[in-house]
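Number of protein chains: 2
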Amino acid sequence: MEKVYIYSEIAGKLASQIRNGILKPGEKLPSVRMLCQQHHISMSTAKRIFLELEAQSLIEAKPQSGFFVSKQLYLKLPLSEVSRPSLTAKDNEPDELITRVYSNMGREDLTLFSIGVPSGNLLPMAKLKKEIVLATRSLKEGGTEYEPLQGNLNLRRMIATRSLAWGGNLDENDLITTSGGMNALSFCLMALGKPGDTIALESPCYPGILQLAVSLGFKVLELPTHPITGIEMEDFRKLIPKINLCLLVPNFNTPLGSCMPDAHKKEVVSLLAEQNIPLIEDDIYGDLYFGSHRPKCCKSFDVEGNVLWCSSISKTLAPGYRVGWIAPGKYKDKLLKLKLVHSISSPSIIHEAVGNFLKSGRYENHLRYLRSTLMSNYQNYVNAIAGYFPEGTKTSRPQGGLALWVEFNKEMDTTKLYDLAIRQQISIAPGRMFTLQDQFENCMRLCIGLPWTAHIEFKLRQLGNLAKMIQ
Amino acid sequence: MEKVYIYSEIAGKLASQIRNGILKPGEKLPSVRMLCQQHHISMSTAKRIFLELEAQSLIEAKPQSGFFVSKQLYLKLPLSEVSRPSLTAKDNEPDELITRVYSNMGREDLTLFSIGVPSGNLLPMAKLKKEIVLATRSLKEGGTEYEPLQGNLNLRRMIATRSLAWGGNLDENDLITTSGGMNALSFCLMALGKPGDTIALESPCYPGILQLAVSLGFKVLELPTHPITGIEMEDFRKLIPKINLCLLVPNFNTPLGSCMPDAHKKEVVSLLAEQNIPLIEDDIYGDLYFGSHRPKCCKSFDVEGNVLWCSSISKTLAPGYRVGWIAPGKYKDKLLKLKLVHSISSPSIIHEAVGNFLKSGRYENHLRYLRSTLMSNYQNYVNAIAGYFPEGTKTSRPQGGLALWVEFNKEMDTTKLYDLAIRQQISIAPGRMFTLQDQFENCMRLCIGLPWTAHIEFKLRQLGNLAKMIQ
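Chains as they are written, first to last, in the numbering used here: chain C, 238 to 708; chain X, 238 to 708.
Keep in mind that a hint or two might mislead.
For chains that are exact copies, the list does not tell them apart, and a pair is met inside one copy or across any two.
[Stated by the list, open to error] Derived DSBU-like pairs: lysine-lysine, alpha-carbon spacing no greater than 35 angstroms straight-line:
#: 1; residue 1: Lys377; residue 2: Lys653
#: 2; residue 1: Lys261; residue 2: Lys705
#: 3; residue 1: Lys299; residue 2: Lys265
#: 4; residue 1: Lys631; residue 2: Lys574
#: 5; residue 1: Lys479; residue 2: Lys574
Think of the hints as simulated: they come from the structure by calculation, not from any bench. Since this is a predicted model, take the numbers as computed values, not measurements.
Could you put together the complete structure from these sequences and hints?
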């Protein structure tokens, strides 16, 4: 897993250049022969690169003239803005809208564009069930006993093995399991912060993280964030003296889907380590890349053990299973103590089953399928937005993950749009949910984890019509 | 379930009088005829009462002379002392011994008198496994989806139904599920308290609760507690102005096993409601009564919704499943919000399986078996202590639950005993773990949840010999 094949490395670079608009729609790509010369690769490797990009609908072949950047609509929609929140830390309650939107969870009468999880029929349910049955049989005492405090060994070993792919190089002793991803973040924040501390977060930010931070009495400093490259480094550097804790989602965060370049990740890790400010890294979307390979994490550059890498299977496998984990670096003792105090242990049957599922290799197959589905959903969503939404609508350029950020013009009020849409059985996540400040009123998040159907397209069209009505 | 038969009511009263020493070992009981007259019951009912008490080894029949209070050794051991902690609230870290003792969890080379859970072979494992398999099949989307925020409906309904037995009269909307009992307590404390608040607890107290309170920045006020009747009401009344929160384990708490009389429960509820001080009631041992019927809870007397009744299946069915719940009364909204923020949802498969297990009626059968095993364990432990431990050793008189509190004379240091015992593969819980103060050095807790065998008796004998050596 350590070796990233040269072809996929080059394909990945070209793909990002296309997604980020460095290569423009309709622009001609270098010929196969030129690519060979530039990168010292064989003809067959160069051809394979073009085939891969074509398979991703990023480029199109024109007979007799070569390859061109695809003119698909989703590349033509303008990019949403870089966020510019106030740089004063806030501790007000998040918008009550959050509770209203989350209360739609599980409602079958609604089209839930608002909930950021993959739809059930994208998940390998039969195989998961089988693993649960096997785990109840194989576990000592049928899983009725408390597990060891660090968590299920099988699961920790598999997470450690998989960490090689992103340069984590963890072993099972570096990991602590939790009951899902939010539980992992909640433990980290409780272990490392205290009321009155200032925590830096991306802006816009996942509402659950805002709620968590405020409920623990933290002040929230929202960081200016670019829809493609994540937090703005220049601002970040200046803000470091103000912060006690930092929580980032460097890979495909919700709602923007941005991915921090390696150089930014590395710098953030080193700047925070210098000041001994813990970095909590939420990597729940890291495996859902649309490009050719899994991006690195901040943890990949963590020499001092100052990064607490958190993840879960809630966005890739089974939200309802509640399986998450932390690689807490030098904070391991604190985190273990906190886990003991607040939960004693995790449910062993489920954790054992997931560990075995990861071991079987089925997870990689499933991820390949899920990634390609999400990427094609993304393209379909953007096509629908380009066709049905008001003129001038901008979107993010997610390079992975489950979310698309939609920015209407300044007159739009997406809270109002929410109220109208819910009457047509559509639930969206208005922009105000993703901040403690007065911003993003003209934005919303759409989840791209629902399988693409004529019905979904129809619902996006309805939503577009409503937006046109009130904008 | 609501009707408690007259015979078991009278049997229960006699049983407590015997356990509490009001009726002394060897004392003659009223004749069958006298009992009939006193209580206006039939001869057959009176006989049934004596048979039940005899079955519990509390009384012995002597031919031609009637029934006498049993002279079994466990009734002859002197009662451990009423605790007299300092009445100043403390916020120091609990003794580091806690971590050492808990790290023995799962070690198969040790005899774990230190861990307060029923042994695996006392649990209905085959039937539980079957329910898990059924739940993976029957649940929508195989349980991969998030559950509704309040938790699994099946489980909440069954807990509500069972609450009739102790006068809870809950319905499913009154309940929120959690990932185990500690998770329930942790949510209650986080929702209702803030750093610097003073929380009142029984003394001695379960170490996990002490750790939780201190880790949240609370000050801990330890309450003088009687080994039979729980907190001392006179002290409690005086201390109310000092406290912001109260957490009690009124039924068979660990380590004492005391059970608050109904009148005390009622008064505590009313005193706290008057001052609007939330009462968190941990009832995890409530179903493990040795007497004839399940005791009421503080929640049974809760008119104002000021009691947060918490419980779990960790002490009765499957510690490793992590299934707990809260009936939060008027604090429901706060608790729901906190659950959403810190955990989103519980693992649905396990919660559904437990709900179905409760529905099947197997739980009641299992509890009957578990209770009679624990009661006979208790008698065997006390016999062994009377036979092998130093002269003058006192014990609690648990009326239910999993723990026995052992009090040596003042020269004993049970931390030293722990170190010696561990070399002989015996783990005990020294008294210092159960307080933030300098007390209980001469005490320890023994878990009575291990099945009684010649090996266990041998280990208690070894422990007694060690105690004699250093006392």
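**lysine 479 and lysine 574: within-copy, between-copy, both or neither at 35 angstroms Cα** = Both ways: lysine 479 and lysine 574 sit 28 angstroms apart in one copy and 29 angstroms across, limit 35 angstroms.
**Prompt:** From the Cα coordinates, with 35 angstroms as the cut-off, is the pair lysine 261 and lysine 705 best called within, between, both, or neither?
**Reply:** Within one copy, since 28 angstroms is at most 35 angstroms while 86 angstroms is not.
**Prompt:** For the identical chains here, do lysine 631 and lysine 574 meet the 35 angstroms Cα criterion within one copy, between copies, both, or neither?
**Reply:** Between copies only: 33 angstroms across chains, 46 angstroms inside a chain, cut-off 35 angstroms.
**Request:** Check lysine 299 against lysine 265 for me: Cα-Cα at most 35 angstroms, and say if that holds within a copy, between copies, both or neither.
**Result:** Only inside one copy: lysine 299 and lysine 265 sit 10 angstroms apart there, 106 angstroms across copies, limit 35 angstroms.
**Request:** Could you figure out if lysine 377 and lysine 653 sit no more than 35 angstroms apart (CA to CA) within one copy, between two copies, both or neither?
**Result:** between (54 angstroms within a copy, 33 angstroms between copies)
Checked against the numbered hints given earlier, this structure breaks none of them.
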